[in-house]
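2 protein chains.
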Amino acid sequence: MLTFFQYNWQVRDEWLQWCRQLSREELVKERAGGVKSFLYTFFHIIDVEYSWIRGIQEKEDIALEFTDDVTIEQLQALSDEARLEMEAFLRTSGNNTADAPVKVAWDEASYTKNEILHHVIAHEIHHIGQLSVWARELNLKPVSANVIGRKLY
Amino acid sequence: MLTFFQYNWQVRDEWLQWCRQLSREELVKERAGGVKSFLYTFFHIIDVEYSWIRGIQEKEDIALEFTDDVTIEQLQALSDEARLEMEAFLRTSGNNTADAPVKVAWDEASYTKNEILHHVIAHEIHHIGQLSVWARELNLKPVSANVIGRKLY
Numbered sequence: 005m006l007t008f009f010q011y012n013w014q015v016r017d018e019w020l021q022w023c024r025q026l027s028r029e030e031l032v033k034e035r036a037g038g039v040k041s042f043l044y045t046f047f048h049i050i051d052v053e054y055s056w057i058r059g060i061q062e063k064e065d066i067a068l069e070f071t072d073d074v075t076i077e078q079l080q081a082l083s084d085e086a087r088l089e090m091e092a093f094l095r096t097s098g099n100n101t102a103d104a105p106v107k108v109a110w111d112e113a114s115y116t117k118n119e120i121l122h123h124v125i126a127h128e129i130h131h132i133g134q135l136s137v138w139a140r141e142l143n144l145k146p147v148s149a150n151v152i153g154r155k156l157y
Numbered sequence: 005m006l007t008f009f010q011y012n013w014q015v016r017d018e019w020l021q022w023c024r025q026l027s028r029e030e031l032v033k034e035r036a037g038g039v040k041s042f043l044y045t046f047f048h049i050i051d052v053e054y055s056w057i058r059g060i061q062e063k064e065d066i067a068l069e070f071t072d073d074v075t076i077e078q079l080q081a082l083s084d085e086a087r088l089e090m091e092a093f094l095r096t097s098g099n100n101t102a103d104a105p106v107k108v109a110w111d112e113a114s115y116t117k118n119e120i121l122h123h124v125i126a127h128e129i130h131h132i133g134q135l136s137v138w139a140r141e142l143n144l145k146p147v148s149a150n151v152i153g154r155k156l157y
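Residue numbers (this note's numbering), protein chains in the order written: chain D, 5 to 157; chain G, 5 to 157.
It is worth saying that the hints were derived from the structure and are not from the lab. This one's a predicted model, so the numbers in the text were calculated from it and none came from an experiment. One or more hints might be untrue.
Identical copies carry no separate label here, and so any pair may be met within one copy or between two of them.
The calculated SDA-like cross-link candidates involving lysine to any residue, where the alpha carbons are at most 20 Å apart (straight line), are [what the hints assert, rightly or not]:
(1) Lys-107 with Gly-153
(2) Lys-117 with Leu-6
(3) Lys-155 with Val-108
(4) Lys-40 with Leu-20
(5) Lys-40 with Val-74
(6) Lys-107 with Lys-155
(7) Lys-145 with Arg-24
(8) Lys-40 with Leu-144
(9) Lys-63 with Glu-91
(10) Lys-155 with Thr-101
(11) Lys-155 with Glu-112
(12) Lys-117 with Leu-156
(13) Lys-40 with Pro-146
(14) Lys-117 with Gln-10
(15) Lys-107 with Ser-55
(16) Lys-40 with Leu-142
(17) Lys-107 with Ser-97
(18) Lys-33 with Arg-140
(19) Lys-40 with Arg-140
(20) Lys-63 with Lys-117
(21) Lys-117 with Arg-154
(22) Lys-155 with Asp-103
(23) Lys-155 with Ile-120
(24) Lys-117 with Glu-62
(25) Lys-155 with Thr-116
(26) Lys-33 with Asn-143
(27) Lys-107 with Glu-64
(28) Lys-117 with Ile-152
(29) Lys-107 with Met-90
(30) Lys-117 with Met-5
If we strip away everything but chain D, and leave its shape as in the complex, we get:
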C-alpha cells in the first residue's frame, strides 16, 4: 500500500509544480466535473487523505480551511507536513490491524483500516484524472499518470 501513497505524493508534487504555469484566475476558476478548481482539488486531496489517516490512528480530526487566496507554495507545504506524519505511521503500522473497525467523526458508518487505505488511494488517483482533462481543455500537456518508470521501489 505504501507504494501507492508514494506514487500519489510524487504525482501530486509534479502537478503542483505544473500549476505554476497557470494564472491565478485559471487556478481558482470553477470547472465542470471534479471538485471546483485546480487549487481546491489539491486542498481536497490533502484534506481527505490526512483526515482518514489520522482517523485510522484514532487521532482527532484537524479541520483544514480553504481560502481562495491560498498559494501553490502553501499547498505544497501543507502536503509535505501531512506526508511526514502519515508516512511515519504507514511505514510502521503493518497489516495486523487491517480488518480492525475504524469509526470517524464525519461518517455514520464504520469501515476497516484496509478499506480506508484503498479509499484514500483511489480518491486521489480519481481526482488527478479529472485534472488531466482540465489540462487538455487548456491545451496543456498533463503530468504523466504512469506508475511504471517512476522507480518507486
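Take the given structure of chain D and dock chain G to it, following the hints.
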C-alpha cells in the same frame, strides 16, 4: 491488490451500465483529455489490463481491435471474459514473485510484477476520473468513485 481489481471491475460495470443512457453519437464522440471517447476508454482500459496481466504470466499478447461500431454489450462481454482469466491468476499468484522482472513485447524496459500490478490499477482509476468530467459536461451525474461502502471484502 485483488481488492483494487475488484473495485475497478465493479466501477467499470457501473459505468458500462451508465453509458446505456447515451446516444451512439455521444458514445463515440471524441472529447478533450482522456482517450478519445467514452467507448474507446473502456476498450483501452480492458486492453491495457488484459495485456499486462497476460504479460506477467509470460502469455502471448492478444491484440484486441477497436471499431467504432462496437456495442456496450460487446465491451461488457470482453471485460467479463478477460476478468475470468485474470481473476483466476490473481487469486493464485501470491506475493512470492512480486519482484521478479517481467519483459513484454510492447515495451523496451523491464518491470517487476508488483510495479505492473500498481500500474494497471492506477491506469483504470485515472481514466475513470476523466469519464467523470465528461459526464458532468453532459450535465449527468457520474458513477461514484468511492471505495468505502462498496463491500468489496
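Those earlier numbered hints the structure runs against, lowest number first: Checked against the structure, no hint fails, so every one of them is satisfied.
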